[in-house]
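*Asks:* One letter stands for each residue in the lines below.
4 protein chains.
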Amino acid sequence: MTTTQIRAAIVGSTGYGGVELIRLLQSHPNVTVTSVISSSNAGTPIAEGYPHLTEIRTDLLDGIDVENIRSKADVVFLATPHGISMKLAPEFLEAGLKVIDLSGDFRLKSGDVYREWYKHEPAEQTLVDRAIYGLAEVYGSQVAGADFISNPGCFTTSALLGLYPAVKAGWINPDSIIIDAKSGVSGAGRGLNLSSHYSEINENFKAYKINKHQHTPEIEQVLSEAAGRPVITTFTTHLVPMTRGIMSTMYATLTDKRTSADFVELYRQFYEGRKFVRVRQVGNWPATKEVWGTNYCDIGFSVDERTGRITFISVIDNLVKGAAGQAIQNLNLLMNWDETLGLQFTPVYP
Amino acid sequence: MTTTQIRAAIVGSTGYGGVELIRLLQSHPNVTVTSVISSSNAGTPIAEGYPHLTEIRTDLLDGIDVENIRSKADVVFLATPHGISMKLAPEFLEAGLKVIDLSGDFRLKSGDVYREWYKHEPAEQTLVDRAIYGLAEVYGSQVAGADFISNPGCFTTSALLGLYPAVKAGWINPDSIIIDAKSGVSGAGRGLNLSSHYSEINENFKAYKINKHQHTPEIEQVLSEAAGRPVITTFTTHLVPMTRGIMSTMYATLTDKRTSADFVELYRQFYEGRKFVRVRQVGNWPATKEVWGTNYCDIGFSVDERTGRITFISVIDNLVKGAAGQAIQNLNLLMNWDETLGLQFTPVYP
Amino acid sequence: MTTTQIRAAIVGSTGYGGVELIRLLQSHPNVTVTSVISSSNAGTPIAEGYPHLTEIRTDLLDGIDVENIRSKADVVFLATPHGISMKLAPEFLEAGLKVIDLSGDFRLKSGDVYREWYKHEPAEQTLVDRAIYGLAEVYGSQVAGADFISNPGCFTTSALLGLYPAVKAGWINPDSIIIDAKSGVSGAGRGLNLSSHYSEINENFKAYKINKHQHTPEIEQVLSEAAGRPVITTFTTHLVPMTRGIMSTMYATLTDKRTSADFVELYRQFYEGRKFVRVRQVGNWPATKEVWGTNYCDIGFSVDERTGRITFISVIDNLVKGAAGQAIQNLNLLMNWDETLGLQFTPVYP
Amino acid sequence: MTTTQIRAAIVGSTGYGGVELIRLLQSHPNVTVTSVISSSNAGTPIAEGYPHLTEIRTDLLDGIDVENIRSKADVVFLATPHGISMKLAPEFLEAGLKVIDLSGDFRLKSGDVYREWYKHEPAEQTLVDRAIYGLAEVYGSQVAGADFISNPGCFTTSALLGLYPAVKAGWINPDSIIIDAKSGVSGAGRGLNLSSHYSEINENFKAYKINKHQHTPEIEQVLSEAAGRPVITTFTTHLVPMTRGIMSTMYATLTDKRTSADFVELYRQFYEGRKFVRVRQVGNWPATKEVWGTNYCDIGFSVDERTGRITFISVIDNLVKGAAGQAIQNLNLLMNWDETLGLQFTPVYP
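Protein chains in written order, with the numbering used here: chain A, 1 to 350; chain B, 351 to 700; chain C, 701 to 1050; chain D, 1051 to 1400.
In short, the hints are calculated from the structure, not lab data.
Misleading hints may appear alongside valid ones.
Stated by the list, open to error - Just the calculated beta-carbon pair ranges, DEER-fashion:
1) C/GLN981 / A/ASN193: 43 to 53 angstroms
2) D/ARG1057 / A/GLU116: 26 to 36 angstroms
3) B/THR690 / A/ASN193: 49 to 59 angstroms
4) A/GLY111 / B/ALA611: 30 to 40 angstroms
5) A/GLU48 / B/LYS607: 50 to 60 angstroms
6) C/GLN981 / D/THR1303: 26 to 36 angstroms
Cβ atoms here follow ideal geometry from the backbone N, Cα and C, with glycine treated the same way.
Construct all of the structure, not just a fragment, from the sequences and the given hints.
*Replies:* Quick look at the structure:
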C-alpha cells in the first residue's frame, strides 16, 4: 500500500453520479479532485447549479479538453451517458490517464448483446476486451494494477452480490432465478423527464422496462461465468418514491435441502475480509435506509421449506455502491490501497 | 335492482379501514351511516380524532351495544382486528343484522391453517362455513342474497385478481407462481408502531414477514380452487414510503407458448362487464397512483419469450379495493344493486 | 335553481388543472364534459397521457377550434397559462360561450400592475373589466348570471379567505400583514422543470420568488377593497415535498384587544351558510391533509396576548379550492345552482 | 490546538440525537466513543435497534452507572429529554466529567421562564448559571475551556444565526420580528406518537404549538442580549413531510433604508472565519437539502423596498447543526481544537 497522492478529474460533474463522486472524494485522504468537467456548463462555477457545494468547491467547470485534463489529472472518472463514454475513454487512455467508466459502454463483452439491449452500436471490441469489469468483491483481484475499469451497473451490483456465491456454490438452480428490483428515483439522473417529475412519482409505485432493462445481460454475463454455463434470468425494475436506494428481492429454487443459516455461513466465508458486504444473520433482512449514503451492500436470506425456494434480499445506495462509491473502491484497488480508503462512512439514519 | 335505502353501522370507526368506509358511504345514494362505533372512544365526536370530518360527521362515537345497533342499522361493517371480529360477528348475525367483516377471521376455511398463520384460535367452524368469501369479481354470484360476508385481504385481492383467470385457464404452472408484493404504509393501520414511524419509513424501502405473511394461505386457498388441486406459492411483502397503494408483481412459467396479447384477451373475457377491473393493453403496465382513491384493480402483462415466463402487474388502492371499497361492492351485490353504486370515483391524479 | 344540463369544454386538458376539472366534473350531476382540448396532443386519447382515465374517458383530445367547441359546449374552462387565456377568452365569448378562466390574465384590474408582476403585456382593458373575479365566498353574488369569470389564484384563495373578514371588520392593521405560504408541488404544473424534479424536491424544503410572486398584487387588490384604502403586504412562497395542499400562515397586529374566540365568532358569522369554509374552534388548527381532494378551506386562529398579534392558519387543496373546484363552484353560482353541487366530497384521509 | 485523544460516552444512544452523535463521532479523529448508554435497553447490542450500525458498532448498550462511565470516558453527551438531563448533569460533573447537554434544561437562565414554558420545575439555579450556552458562532469564545455546555435548541439555532447580526447592528426593529419555522419530522424523536405516524404526516403539512413552543423564550433570551433590552417575538413551528431539515423564514422591519447586499456584507463580516455559516449572495436563498447531513447553517436575504421589510431565510440540518453536530463543535471549541474537526462533511445531494 502506497501513500501516493493522486489527482482526479470527473467528466460529467453536473449529473448525480458526478456530483456524488465530488462529495465522496472531498474527504478521500489520497485523492484531490483537480478538475470538474461538464461539456454543457463549462466556465460556470460548479456551485451555481449545486448550491450545496457553496464554499466547498469554488472552481469553475472545465470543458472536455484532453490536453488540459492530462496536465491536471492522473485518473479520470467518466460519469457520462453510454454512447459518450465510448468516445471519450480511448482518448484519455491514449493520453496515459487511468480511466474509470461509470457507463454501460464497456460492461458487456459481446458487441451483439450490447447492440440488442442498448439499441446503439457497441464500442471497439479491443477496448471492450481491455476494460476490467469492476465488481469489486468478485473481480477485485483483476482490478489491481489495471488502467481501465468498467464500473458495474447499480441494479447489477445489488443483484450480483446477492446471488454470486450461491450460484458459484451450485446451491441454487440458475435457471430458476427471478430478480424483482426496486430503485429510488435518483438512478434516473438529473435529466428532466415526466417519469421523474415530482407529482408523478410521489405517492406512486410503478414498474418499468419489464423484460427490457439493459442491466439484464450484464447480470446474466456474470451469473453465466459463476455457473459455468449460459444463464438467463427474469429481471424486473420498479421505481420507489424515494431518492436513494436499491433493493433486489430475488427468488431461486434450492438444489438441495439447506437452511438460511447455511447461506449465512456460505456468504460470510465468500465475503470474508470484504468490509462493504454485510451478511445479516438469520431472520434479519436489510432495508435500503440502513446503507444510505454509504458503500455497503447488505444481504439477508429466507429459505422456505414449504416451497423449496430461497428469497434473497440485497440492498445498496444506488449512487454509492451502485455508482460513485464502487468507482472509488475500484480506484483504491487499482492503486493497491485499502479498498475502504475514504469510504468509511456510517449510514445516515434516520 | 331495488332502491331500498338501508342503514349501516361501522364498528372500528377510528381505524383507517373504518374511516374509509365513512368517506365512501357519505356519497352512497342508498346507504346512510347511522352509527359509527369505537370501543375505545365512545362518547366523543368522531371529528375530534379525525378533523377532516369536521361539519361532515357531527355525531358521537357509539360503544359496542348490539341492542342499540340493531335499532339503528340493517347492516354492520366490522373494521375490527382479527380475534375481535370472531367475537362480534355471531352476536350481530344473531340479532338479525347483515354482517360484512373486513378482518381475516372468516377467510380461511380450515381452522388448522388459521391457527398456524394467525397464531390464534380460529372462529367456530359453522360460522366460518357460513361466511361467503367476497372476492367480488370471482365469487360475486355467491354474495347476492347472503347475510354474512368475509371481505378478502388487501394483498390477496391484488394477487388473486391478477392470477385467477390464468390459473383457471391452465395457462400458467401454479407451482411456479412467485408473488412479490409492495404496499403503502396505511395497510398497517393507525396503531403506533416503529415500523410506521415517519422517520423510519420515509426514504426507505423494506421487506417484512418474508414467507410468513398471513395472506399466503388465503391466496393459496383460492388458487387451489382455480387449479383444481393444492397450490403453494412464494409470497413476499414490502413496505413502500407512500400512504396508499399495493402492487403485486407476479411471475409464473407458461404451460404453452402464448403472447401478452393472448393474456389481455383472456382477461378481458373473464372480467367482461366487471367495471372495476381494467385490463391494460400490451406494453402498458399500471402504476398504483392510477387507481388511487378508487375501487379499481388494473392489470398488465409481459410475456418473455426468452425465459418462457410471464410477469403480471396488478395494482389496487389498499384501503378501497383492498378493504372498504370492496366491502361496499359486496354490500351492493348482496342487496342486488349495481356493484358500482356509490363507488364510481375517478382516481385522484396527481 | 334550475336543473338544466349543460355541456362543458376544457381547454388545457393535459395540465394538472385541466385533468382535475375532468375528475370533478365526471360526477357532477348537471354537467357533461363534451370536449377535452389540448393544442399539443390533439387527436390522441386523453387516457394515453393519463392512464388513470382508462375506460373513464375514451375520447380523443380535440384541437382548439372555436366553431367545433361552440357546437359541442355551453361553457368553456380555460386551464391555460397566462398569456394564452387572454387570446382565447375573447374568441369564446364572441362565440356566445360562457368562459371560466383559471389563469392570471383577468385577475388584476390594472394593466400596469399586470405588466409589472407578470412581465407580459396585459389583456384588453374592456375584457378585464368585464371579467368577474370569482372568489366565491366573497364575491359570489356578482358571479350569478355572469358569463365571464376570472378564477382566483391558489395562494390568493387561501390567503384571502383567511384574512378578508378580519380586514373588513377592521380588527387587524392591514399594513402589518405578513403571509408565509407553503404549497405542494402540483401547483407548478406538469411542465418539466428542475424545481419539480423528484430528487431535487423530495426531502427538501425551499422558498422561491421571495417578494416577487405574481399573486401578491392579486391579494393586495382584494385586501385594499376590504380595507377601503391601499394595502401592501409581505408575501412569501415555499415548496413543500408533497403533491397537493397549500397552507398560508399569516400574521397581523390586532387593532384592539380581542381573543381567538372573538375571531372564531366573527368568521362563523361572515361565512354563515357557505359550506366550503370550515372555521375551526379555538386551539384547533387545520392541516392540509384535512381538506385533501376537496373544495374546503379550513381556517384557525391564535391570538397571542404577549405580542398583540394574531396568527391565522388557512388551508386548501391547491388543485381543488385553489383551481378546478372553485371554478366549478363559480359555474354553480353562475348557473344559480347550489354552490356545492357535484363538489360534496369527503377529504381523502389518510 | 492539541492532539489529545479523548473518550466520549453518549447517554440516550437510542434516540435520534444519540445515534447521530454516534454517526458523527465515528469519523472524528480525536474522539473515541467508549460507551453508548441507554437506560431502557442496557445489555443489548446497539445494532439490534439500529441495524445500520451492523459491524460498525458491535458493543452492547451500557446502563447509566456514573462510576462505570467515569472509568471509560472523559466527556459525556446527554442526549436525554428535559427533566432527565437536570438529574444526570450534576452527577457527571461531580464525577469530574465534562458534560455537553443537548436538552432544554440548562438553556433558560430564569427558572420562572423555564417553569412557564416547559411546565416542569427548573434545574438548580447554580447549575443553570454554570452552564455555558453553546451557540457556537455567537458565544464560542465562552465555550473554550468550559466543562459544562448547554447545547442550543434546533429551531433556536436556525433562528438566532439568521437574526443575531442584524439585531446586534440595530438594522432591524426587534419588536417587529416574526419567525415562521418549518421542521422535518426527526426533530420529534423516535418516541411513538400519532403526530409522527407515517400516514398522518406523509402528503401533509401542519402547524403545531402555535405561540406555545418552548424554544420561544430561548430565542428571546439571546435576542434581548443582542438588542440590549427585552425582546419578545412571534414564533410559529410547522411539520414538513421530510425527515431532516429546518428552515426559518423570518420577517422584520428595517430601521433604515438598506439593501440585501448590505445585509450580505454585514453577515459575512460577522461570521468571518466561521466555516459553518455560509452567507448566500443576493438573490440566492438556501434550501434545506443544501445543508443535509452537515453542520452548515446557510443564510439568505431579501429586502423589499415596497414594504420596508426584510425576509431572512436560514436553514440547518436539525440533527446536525441543530443537535449532534453543534454539540461536537462545542466539544471542539471546549478542547481548543479547530471547530470543524471531524465535521467537514459535504452535504448529501440529492
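*Asks:* Does each hint hold? Answer for all of them.
*Replies:* Checked hints:
no.	hint	in the structure
1	C/GLN981 / A/ASN193: 43 to 53 angstroms	46 angstroms, holds
2	D/ARG1057 / A/GLU116: 26 to 36 angstroms	59 angstroms, violated
3	B/THR690 / A/ASN193: 49 to 59 angstroms	36 angstroms, violated
4	A/GLY111 / B/ALA611: 30 to 40 angstroms	32 angstroms, holds
5	A/GLU48 / B/LYS607: 50 to 60 angstroms	56 angstroms, holds
6	C/GLN981 / D/THR1303: 26 to 36 angstroms	33 angstroms, holds
Checked against the numbered hints above, the structure breaks hints 2 and 3 and satisfies the rest.
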